[in-house]
Amino acid sequence: MHFGLSEDQELLQETVRGFAEAEFPAQRLREVFDAGAGHDDAVWQGFAEMGIAGLAVPEAYGGAGLGVLELALVCEIAGGACLPGAILEHALASLAIARAGSEAQRERWLPKLAAGETVATVAFGEQHEKVGDVWRPEQWSLRESSGKLTGTKSWVPHLGRADLVVVGVEGGALAVLEQSGGSTPGARTETQEGIDRNRPIHRFVLDSVEAEVLPGSRDPDVAHGVIDAGLAGLAADAFGSATRLIRMCVDYTTERKQFGFPIAQFQAVKHQIARMGTAIEPTRALFWYAAHALEEGNGDGPRHAAMAKAEITDRALDIARDAVELHGGLGFTWECDVQMWFKRAMYDRSFLGTPEMQRERMAAMAGW
Amino acid sequence: MDLRYDESHEAFRNEVREFLQGWPLTGDEANLALEAQEALFRQRAVDRGYVYRDIPTEYGGGGGEPDVLAESICREEFYAVGAPYASTLQGPAMLVPTLMEFGSEEQRRNFVPPTLRGEIQWCQGYSEPGSGSDLASLQCSAALEGDEWVINGQKIWTSNAQESDFLFGLFRTETGASKHKGISYLLVPVDQPGIEVRPLKQMTGGTDFNEVFFQDARTAADNIVGERGQGWQVSRATLKHERNLIAHPNMMRDHFDALVELARSVQRHGRPAIEDPGIRQRLAEIECVVRTNETSNLRQLSATARGEELKCMLPMMMNKLYSTDAMQMLMKLAYDLAGSDGMLAPLERDIANYRRGEGPTAWVEQYVFSLGPAIAGGATNIQLNIIGERGYGLPRDLRPQE
Numbered sequence: 001m002h003f004g005l006s007e008d009q010e011l012l013q014e015t016v017r018g019f020a021e022a023e024f025p026a027q028r029l030r031e032v033f034d035a036g037a038g039h040d041d042a043v044w045q046g047f048a049e050m051g052i053a054g055l056a057v058p059e060a061y062g063g064a065g066l067g068v069l070e071l072a073l074v075c076e077i078a079g080g081a082c083l084p085g086a087i088l089e090h091a092l093a094s095l096a097i098a099r100a101g102s103e104a105q106r107e108r109w110l111p112k113l114a115a116g117e118t119v120a121t122v123a124f125g126e127q128h129e130k131v132g133d134v135w136r137p138e139q140w141s142l143r144e145s146s147g148k149l150t151g152t153k154s155w156v157p158h159l160g161r162a163d164l165v166v167v168g169v170e171g172g173a174l175a176v177l178e179q180s181g182g183s184t185p186g187a188r189t190e191t192q193e194g195i196d197r198n199r200p201i202h203r204f205v206l207d208s209v210e211a212e213v214l215p216g217s218r219d220p221d222v223a224h225g226v227i228d229a230g231l232a233g234l235a236a237d238a239f240g241s242a243t244r245l246i247r248m249c250v251d252y253t254t255e256r257k258q259f260g261f262p263i264a265q266f267q268a269v270k271h272q273i274a275r276m277g278t279a280i281e282p283t284r285a286l287f288w289y290a291a292h293a294l295e296e297g298n299g300d301g302p303r304h305a306a307m308a309k310a311e312i313t314d315r316a317l318d319i320a321r322d323a324v325e326l327h328g329g330l331g332f333t334w335e336c337d338v339q340m341w342f343k344r345a346m347y348d349r350s351f352l353g354t355p356e357m358q359r360e361r362m363a364a365m366a367g368w
Numbered sequence: 001m002d003l004r005y006d007e008s009h010e011a012f013r014n015e016v017r018e019f020l021q022g023w024p025l026t027g028d029e030a031n032l033a034l035e036a037q038e039a040l041f042r043q044r045a046v047d048r049g050y051v052y053r054d055i056p057t058e059y060g061g062g063g064g065e066p067d068v069l070a071e072s073i074c075r076e077e078f079y080a081v082g083a084p085y086a087s088t089l090q091g092p093a094m095l096v097p098t099l100m101e102f103g104s105e106e107q108r109r110n111f112v113p114p115t116l117r118g119e120i121q122w123c124q125g126y127s128e129p130g131s132g133s134d135l136a137s138l139q140c141s142a143a144l145e146g147d148e149w150v151i152n153g154q155k156i157w158t159s160n161a162q163e164s165d166f167l168f169g170l171f172r173t174e175t176g177a178s179k180h181k182g183i184s185y186l187l188v189p190v191d192q193p194g195i196e197v198r199p200l201k202q203m204t205g206g207t208d209f210n211e212v213f214f215q216d217a218r219t220a221a222d223n224i225v226g227e228r229g230q231g232w233q234v235s236r237a238t239l240k241h242e243r244n245l246i247a248h249p250n251m252m253r254d255h256f257d258a259l260v261e262l263a264r265s266v267q268r269h270g271r272p273a274i275e276d277p278g279i280r281q282r283l284a285e286i287e288c289v290v291r292t293n294e295t296s297n298l299r300q301l302s303a304t305a306r307g308e309e310l311k312c313m314l315p316m317m318m319n320k321l322y323s324t325d326a327m328q329m330l331m332k333l334a335y336d337l338a339g340s341d342g343m344l345a346p347l348e349r350d351i352a353n354y355r356r357g358e359g360p361t362a363w364v365e366q367y368v369f370s371l372g373p374a375i376a377g378g379a380t381n382i383q384l385n386i387i388g389e390r391g392y393g394l395p396r397d398l399r400p401q402e
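Chains as they are written, first to last, in the numbering used here: chain U, 1 to 368; chain A, 1 to 402.
For the record, the hints were derived by calculation from the structure and aren't laboratory data. All C-beta atoms, glycine included, are put in the ideal place defined by N, C-alpha and C. Worth double-checking, as some hints may not be accurate.
Claimed, not checked - Coverage of chain A stretches by chain U, computed from C-beta distances (three or more under 8 Å per stretch; other residues unrestricted): (1) 78-87; (2) 363-375; (3) 378-385.
Unchecked claim - Partial list, computed: chain A residues near chain U (C-beta under 10 Å): (4) Glu65; (5) Leu69; (6) Gln192; (7) Ile195; (8) Val197; (9) Arg198; (10) Gln202; (11) Arg280; (12) Val289; (13) Thr292; (14) Leu298; (15) Gln300; (16) Leu301; (17) Tyr322; (18) Asp325.
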């Protein structure tokens with residue numbers, strides 16, 4: 001029995017962490033964030049070279065063939081370093097093609113995805129006036145007919161950079177849409193001015209746009225599995241962000257003096273930090289377990305993914321709010337780094353369904 | 001991650017399950033009083049090496065090799081069928097591990113076996129009226145006169161003192177030594193003219209804890225654990241065991257299952273409360289916390305088994321606070337579900353059977369009781385200091401008197 005990471009998994013995290021520290025210093029993060037492109041060539045290049053771009057691609061197609069837990073572990077580091085780019089979304093799209101694509105589709109797309117030459121994202125969200133926000137396959141209403149897609153997807157991340165978009169369609173299937181040069185005939189891209197400038201989001205309006213359905217995805221369990229992996233990834237990203245924010249608060253409050261003492265010496269501050277830590281640190285085991293259970297397919301996965309996403313992304317945003325407060329007036333400025341993680345936490349919390357939605361799903365899955 | 005147990009542990013689990021078919025007792029044994037049945041079965045389990053397994057047989061334990069996984073298998077399996085596992089009373093749970101770590105050979109031989117058999121009952125004398133969170137300021141004194149310690153002063157919040165044969169506790173023995181270095185850890189017989197136990201009535205109505213007054217009370221000079229002035233270090237070990245006791249994840253899962261049943265059984269707007277969206281949100285939120293506690297404990301268990309505790313020092317430090325907060329969150333929903341009956345006082349029965357009662361007043365009792373663990377064994381505000389200072393390396397509080 002081993003509830004913990006293997007040496008390879010620890011090494012994976014160390015490698016990505018070391019890369020992020022060396023290649024994506026604070027100043028570069030600031031530049032990328034302010035520019036709002038949501039992408040950094042050096043980061044993407046590095047991810048391609050380290051094999052992270054192909055993390056979810058099977059080895060037979062040139063990928064690393066790793067699982068959902070490894071994906072989550074990379075997301076944790078990405079969250080901690082506030083990395084831009086379609087890291088999670090690219091992996092989810094790759095996972096969908098690997099699991100449900102025909103042999104020809106896999107051969108066509110997977111090697112390029114693994115090499116990072118092709119960038120992919122996912123379009124799963126829909127905003128309906130009457131039904132409300134929709135993320136899950138059984139509620140998708142974007143139409144697919146003879147390989148043509150018509151309808152609107154909302155909150156599609158990194159759409160401007162994506163060569164491939166995996167789109168969720170009515171009935172729960174997944175279709176792959178190829179964009180040339182970031183645009184496609186019949187498709188309109190409207191920016192939604194996302195708050196996390198490292199992950200720009202768009203509305204994707206499709207009018208009879210050509211796409212290829214992944215044959216295996218006629219079974220909506222495939223789409224569910226891909227989204228659940230995303231929930232685990234977002235939970236991990238939020239965990240990484242929250243632990244990084246706590247570290248920033250520890251450093252700042254130990255440095256900052258008032259009344260002649262470091263403010264961390266006052267219990268009001270010390271206890272606030274201890275509470276932030278206690279809210280998040282034990283949940284590391286929860287996202288590990290969720291990701292592991294998804295990978296094993298032991299039946300526990302989907303509900304635990306909902307649990308991890310609800311609990312961790314919710315706590316992470318609370319922690320981000322506390323972190324702003326602990327940095328005082330400075331914390332409320334654009335100049336203070338805290339805001340970048342704060343906004344990351346907002347994205348992690350909302351993307352693929354809010355904690356409230358996940359808790360209702362948990363309740364339904366338990367038969368309550 | 002590999003959550004399967006290896007073959008030898010799987011075989012061990014089967015062996016334990018087979019043994020547990022002997023519970024509940026049958027035939028004549030089933031006619032004994034429940035406590036006698038529990039003692040009888042527990043002793044059988046000790047003899048098989050399932051309970052108190054890390055204590056050597058010469059001290060009345062199971063005599064197994066240290067193996068936290070085997071221990072956890074026993075705990076899980078015993079718990080699953082409600083069989084009496086290791087006693088959670090202070091003697092077996094707190095004093096015995098302390099004696100095994102710091103006690104003399106004679107103390108271990110004299111005290112550990114009868115304590116594990118339940119023949120000696122213990123209570124803990126730490127807190128004093130003026131020394132709670134600042135425990136090291138304690139004043140209750142013991143002076144060596146000939147071959148006896150003579151004790152004067154008072155202890156408070158002493159659970160089960162009325163039923164106890166002995167008290168283990170901290171006493172100031174070294175006059176003139178600094179605060180922490182003047183304390184010794186002594187074992188004191190309770191039934192003697194110099195000791196008076198006065199029960200304290202708790203806000204739940206129960207009387208679990210007491211005040212203990214010492215007036216020239218006596219204990220043998222040998223009844224010191226560790227060296228003179230070393231009591232503070234010895235007591236840290238005991239406190240660690242107490243915190244582990246409070247953070248037991250199986251218990252929380254039982255409470256959560258009972259909470260779900262409660263939400264199914266009470267009505268809101270003409271329908272079972274469990275169908276109410278707000279209640280569902282809260283139940284799900286609580287389950288996230290319960291499951292976090294379980295998985296985090298599993299991670300810590302696994303790390304301990306591999307000698308890698310250092311990898312999870314932070315969550316270990318947080319167990320007590322996390323689980324007491326979780327229990328309070330859980331009990332608050334239970335209390336809300338009790339509805340207007342939240343105005344009712346707990347019944348005698350609820351107080352006597354605490355944690356096992358049924359009906360709204362039992363939940364009221366548990367709701368009030370859930371405050372207790374947040375105070376006992378290091379209050380929440382003290383836990384926050386420990387996490388902040390030792391966990392995150394924040395500067396220590398100003399302590400002008402030192």
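Hints, one by one, checked against the model:
1. 78-87: violated (count 0)
2. 363-375: It is violated, with 0 qualifying residues against the three required.
3. 378-385: holds (count 4)
4. Glu65: violated (16 Å)
5. Leu69: With a minimum Cβ separation of about 6 Å from chain U (threshold 10 Å), the hint on Leu69 of chain A holds.
6. Gln192: violated (42 Å)
7. Ile195: Because about 37 Å separates Ile195 of chain A from the closest Cβ in chain U, which is outside the 10 Å limit, the hint is violated.
8. Val197: Check failed: Cβ of Val197 of chain A comes no nearer than 35 Å to chain U, outside 10 Å.
9. Arg198: violated (34 Å)
10. Gln202: violated (27 Å)
11. Arg280: With a minimum Cβ separation of about 4 Å from chain U (threshold 10 Å), the hint on Arg280 of chain A holds.
12. Val289: holds (7 Å)
13. Thr292: It holds, given that the least Cβ distance between Thr292 of chain A and chain U is near 5 Å, below 10 Å.
14. Leu298: With a minimum Cβ separation of about 5 Å from chain U (threshold 10 Å), the hint on Leu298 of chain A holds.
15. Gln300: Holds. Min distance 8 Å.
16. Leu301: Holds: closest Cβ of chain U sits about 7 Å from Leu301 of chain A, inside 10 Å.
17. Tyr322: At 5 Å from the nearest chain U Cβ, Tyr322 of chain A passes the 10 Å test, so the hint holds.
18. Asp325: holds (8 Å)
In the structure shown, a violation is registered for the earlier hints numbered 1, 2, 4, 6, 7, 8, 9 and 10, in ascending order.
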